[in-house]
Amino acid sequence: MEGQPQTGEQLARIDTKLDVLISQHGHVAAQVTDHETRIRDQEAARIRADARLDDLTTRDADQEKRLRAADRWRYALPVTAAGSLLAGAAAIIAALGKH
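In terms of UniProt numbering, the numbers along the sequence shown are unbroken and rise by one, the last being 99.
Hints are computed from structural coordinates only; laboratory data are not their basis.
Remember, predicted model here, so these are calculated numbers, not experimental data.
Quick list of simulated restraints, FRET-style, between CB atoms: (1) Ala29 x Glu9: 27 to 37 Å; (2) Ala94 x Trp73: 25 to 35 Å; (3) Thr58 x Leu18: 58 to 68 Å; (4) Val28 x Arg66: 48 to 58 Å.
From the three backbone atoms N, C-alpha and C, an ideal C-beta is built for every residue, glycine too.
All chains, please: the whole structure from these sequences, using the hints.
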């Protein structure tokens with residue numbers, strides 16, 4: 001009969017160890033779930049950042065194109081104004097020269 005109390009003690013120790021392992025497993029599972037959630041959040045943030053970067057890059061390219069077009073137009077104004085003045089002066093001289 002001495003074998004039965006020892007078996008009972010062994011079963012109690014095994015039961016206790018199983019309870020501890022189950023508790024630890026639940027804790028580890030919660031950590032894994034939390035880690036997975038944080039990874040998904042980071043991936044979503046990266047995707048949003050990439051989309052924002054693409055949007056800013058497109059907007060910057062559009063603004064650069066508009067600025068260059070405005071600069072070409074603005075830099076052409078003095079030459080156009082000088083040409084207009086010279087053409088006007090030539091027209092006046094030509095009109096006065098005929099009379």
